[in-house]
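Model the full assembly from the supplied sequences, consistent with the hints where possible.
Going by this note's numbering, the sequence shown opens with residue 8, and the numbers climb by one from there.
These are calculated hints, taken from the structure and not from any lab test.
Hints should not be assumed to be uniformly reliable.
Stated by the list, open to error - Distance ranges between label pairs, derived from CB positions:
1) ALA120 with GLY51: 28 to 34 Å
2) ASN40 with HIS112: 32 to 38 Å
3) GLU74 with LEU8: 18 to 24 Å
4) LEU98 with THR43: 34 to 40 Å
5) LEU8 with THR118: 17 to 23 Å
By construction, the Cβ of each residue, glycine as well, lies at the ideal position given by its N, Cα and C atoms.
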Amino acid sequence: LALAALAFGVAHVTAIDIDAEAVRAAGENARLNDVTTRMRVVHGGPDALEGRWALVVANILAAPLIEMAPVLASRVAHAGRLVLSGIPAALQGEVEHAYRRVGMHVFEARTRAGWSAIVL
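So, in structure tokens, the structure goes:
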């Protein structure tokens, strides 16, 4: 996701993952794509970082998205966007409810082939 954001014009990104192998692979991909000066890679969850960003994206399972709602919402800057994906369509309502409880508003939601993405 971080590499895609860079390809679409985001100037600098911070990529995080709880899986050490995913962090290693992201760092290697940044090197191979010559974007190491624009991409920081951090091992940990969203609580491992401080700060707020205009765009936050997460492509993980519905249960962790629901559990992380308070901390993910706290990482979104005022008037920023949070994009969640990797959500089975049957669980979209539950995920939306979790983010509404922490003050987020659904901007857009799309479903394709049984999977949903939500922009808050």
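Checked hints:
1. ALA120 with GLY51: 28 to 34 Å: holds, 31 Å
2. ASN40 with HIS112: 32 to 38 Å: Because 34 Å falls inside the window, the suggested range holds.
3. GLU74 with LEU8: 18 to 24 Å: Roughly 19 Å apart at Cβ, these two residues keep to the hinted range, so it holds.
4. LEU98 with THR43: 34 to 40 Å: holds, 36 Å
5. LEU8 with THR118: 17 to 23 Å: holds, 19 Å
Of the numbered hints stated above, none is contradicted by the structure.
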